[in-house]
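K.L.:
Since chain L is already given, all that's left is putting chain U on it; use the hints.
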Amino acid sequence: MSDASAIAPPLWLLAELTYRCPLHCAFCYNPVDYAHHNSELTTEEWLDVFRQARALGAAQLGFSGGEPLLRDDLEVLVGEARKLGFYTNLITSGIGLTDARLAALKAAGLDHIQLSFQDSTKELNDFLSSTRTFDLKHRVAKSIKQHGFPMVLNCVLHRYNLPHVDKIIDMALEMGAEYLELANTQYYGWAYENRAQLMPTAEQLRDAEAVVERYRDEIGSRCKIYFVVPDYFEKRPKRCMNGWGSVFIAVAPDGAALPCHAARSLPGFKFPSVKEVPMRAIWYESDAFNRFRGVEWMKEPCRSCEEKTTDMGGCRCQAYQMTGDAANADPVCDKSPMHDKVISVVRRAASRPESDEHPIVFRSDANSRLLSERIAKQKTTG
Amino acid sequence: MRTLKLNPVYRLQWEPVQHAHVLLYPEGMVKLNESAGEILKRCDGTRDLETLIDELEKAFDVRDLGHDIRSFIAHAEERGWLEPTT
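Chains as they are written, first to last, in the numbering used here: chain L, 77 to 458; chain U, 24 to 109.
Okay, chain L solo, but in the shape it has when bound (with noise of 0.2 Å):
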C-alpha cells in the first residue's frame, strides 16, 4: 500500500520526550534496553517535529517519556504546540509537577493531565514503582485540580492491584477525576519481563469488570470510566494502533519515528530519524509505515479471513515476541496455529507453578544494561 492517495493522514502524535524517569515500574512499556538510545532531540527539533505533524495533520498531541517533567523546555514545547493547534496532553507521572510548573504550563495553555498512579494503596504503589511517591502524588492531584485542568487517572492493573479497583475508582471519585483509565498491563518491553508475575487470574479480572459495570451505574456521567481489556483472555485481537499507519505516529526521545511505541522490539526495521527525514516522507513513503500497513501484507489465516479489516491482524509485536515473525497473526486470535501459546501462559497464571517465582525486574539503568546485554547476544547468536 504505497499509493499515499489511499492512505489517511496521522491524527495522533506521541512525542517520547525522554526516557529519563523518576520511577521503576515493572511494567513500564519502554524498550527494555533504553539505556542504549540516551541522545534527546533538542528543543528546536522537537518544534519542528510538531510543525510538520500538524501541517500533516495531527491534532492530538501526547507529551509523555519517561518522565517529561524532566525536560525543562515542556512549558516551551506545550506553548508552541498549543499555537499550533493542537490539543495538548501531558502524561506524567506526577513527580516534578510543582505549583510553579502547573502554572506556567497553564499559560502555556496545556488542555489536559493524565496522571498515573500504581495503586490505590500506598504500599503496593510505592513498591510496584520502587520509589516512595504515593504521598506525593495525592498532593499533586489536588494541585491539578486547584489549577483548573481536566484529569485523567491512569492505573495500570495486574494481578496484584486488580483486588483493588473499588478503592481505586473511590480515589479517582475523591480526586475530581473526569476520566479514570483502568488499563489491564498489556506485556511489552519491562512488563513482558514480568509478564509470569503480573498475569492476572481469569477470576480476578471477572470480578474488577463486575465492580467496574455497579459503578458506572451509580456514578453516572461524573467520571468516565474506561477498562482496557487485557487481551490474552481473549478470542480476537485488538485493532492495535487502529491498523499500522493508519493515525497514530510516536517519536521517540532520539528521534527515531515509530508506528507504535512498542514497535522498536522489532527485528529487521530500520526506523527513521526525525533528524534525516521530513514527516511527511516517513508517514507516506518510509518502508517502517508501510511495512504493515493495510491488509496487503497479511498471511494465512488472516489473509483469507473475513474479519480481517475488524482486527487488521492484532498486534505486530505481540505477533513478532510469540511467534517469531511479526507478519503472523496475533496469536490471541483462537484462529492462529500458535494460540495455544497464549492459553499456555493464562493457564500458568492461574495454576503459580513455584518456578515461575523469581523477582521482578523493576526498570532501572543497571536492569536495562543488563538486557541490552542479552538482547545484543541474541542478535549476533541468531
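Hints may contain errors.
What the hints assert, rightly or not - For lysine-lysine, the following PhoX-like pairs were computed, each having C-alpha atoms within a straight-line distance of at most 25 Å:
(1) L:K300 <-> L:K314
(2) U:K54 <-> U:K64
(3) L:K218 <-> L:K243
(4) L:K411 <-> L:K314
(5) L:K375 <-> L:K346
(6) U:K28 <-> U:K54
(7) L:K159 <-> L:K198
(8) L:K159 <-> U:K54
(9) L:K221 <-> L:K159
(10) L:K243 <-> L:K300
(11) L:K182 <-> U:K28
(12) U:K28 <-> U:K64
(13) L:K375 <-> L:K311
(14) L:K300 <-> U:K28
(15) L:K417 <-> L:K375
(16) U:K81 <-> L:K182
(17) L:K311 <-> L:K411
(18) L:K300 <-> L:K182
(19) U:K54 <-> L:K300
(20) L:K351 <-> L:K384
(21) L:K218 <-> L:K300
(22) U:K81 <-> L:K159
(23) U:K54 <-> L:K314
(24) L:K384 <-> L:K311
(25) L:K198 <-> L:K218
(26) L:K159 <-> U:K64
(27) U:K28 <-> L:K221
What the hints assert, rightly or not - Pair ranges (Cβ atoms, derived):
(28) U:E101 <-> L:L200: 30 to 40 Å
(29) L:D293 <-> U:A97: 17 to 27 Å
(30) L:E376 <-> U:T26: 52 to 62 Å
Hints were generated in silico from the structure; no laboratory data involved. Even glycine gets a Cβ: it sits at the ideal position worked out from N, Cα and C.
P.N.:
Chain U in isolation, oriented as in the chain L frame:
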C-alpha cells in the same frame, strides 16, 4: 431560558486537513459532520435553543430545522458535550 455552552473539557476547532470541525478532549477526537459543526460552534454561551434554531434557519435559508436541531442537542447533552443544565 438557559444558554447553550460547550462543556469546557471539550475544544471545538476547524481541521483543514479533515475538512471538518472536530471536538477534541483528553486523548480523543470526534469528527463532526457539517450540521453538527454549525450547531456546536454557536454553543458559546450567548444563545438559547430557540435563538439558535432561528439563526440557523436564517443562515441557511431553510425552515423547519427545529426538530433536527433539538434532537442533535439532546444527543450532544447525552454525550456530555454541553454544560449540564443547572
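K.L.:
Holds or violated: K311 (chain L) with K411 (chain L), Cα cutoff 25 Å?
P.N.:
holds (8 Å)
K.L.:
Given the proposed pairing of K243 (chain L) with K300 (chain L), does the C-alpha separation stay at or below 25 Å?
P.N.:
The hint holds at about 16 Å.
K.L.:
Check whether the Cα positions of K351 (chain L) and K384 (chain L) lie no farther apart than 25 Å.
P.N.:
With Cα atoms ~35 Å apart, K351 (chain L) and K384 (chain L) exceed 25 Å; violated.
K.L.:
Taking 25 Å as the top limit, are the C-alpha atoms of K54 (chain U) and K300 (chain L) close enough?
P.N.:
Status holds; Cα separation ~20 Å.
K.L.:
Given the hinted pair K182 (chain L) and K28 (chain U), is their alpha-carbon gap at most 25 Å?
P.N.:
With Cα atoms ~22 Å apart, K182 (chain L) and K28 (chain U) stay inside 25 Å; holds.
K.L.:
Would you check the hint for K28 (chain U) and K221 (chain L), treating anything up to 25 Å between C-alpha atoms as holding?
P.N.:
OK: K28 (chain U) and K221 (chain L) at ~21 Å, within 25 Å.
K.L.:
Are the Cα positions of K218 (chain L) and K300 (chain L) separated by 25 Å at most?
P.N.:
The given pair, whose Cα atoms are some 19 Å apart, holds under the 25 Å limit.
K.L.:
Check whether the Cα positions of K375 (chain L) and K311 (chain L) lie no farther apart than 25 Å.
P.N.:
holds (19 Å)
K.L.:
Verify the CB-CB distance for E101 (chain U) and L200 (chain L) against the hinted window 30 to 40 Å.
P.N.:
At roughly 37 Å between Cβ atoms, L200 (chain L) and E101 (chain U) fall inside 30 to 40 Å, so the hint holds.
K.L.:
Can you confirm whether the C-alpha distance between K159 (chain L) and K54 (chain U) stays at or below 25 Å?
P.N.:
At roughly 21 Å apart (the allowed maximum being 25 Å), K54 (chain U) and K159 (chain L) satisfy the hint.
K.L.:
Regarding the pair K384 (chain L) and K311 (chain L), is the alpha-carbon distance no greater than 25 Å?
P.N.:
Holds, at about 14 Å.
K.L.:
Are K218 (chain L) and K243 (chain L) close enough, with their CA atoms no more than 25 Å apart?
P.N.:
holds (18 Å)
Hints 7, 16, 20, 22 from the list above are not met by this structure, while the remaining hints are.
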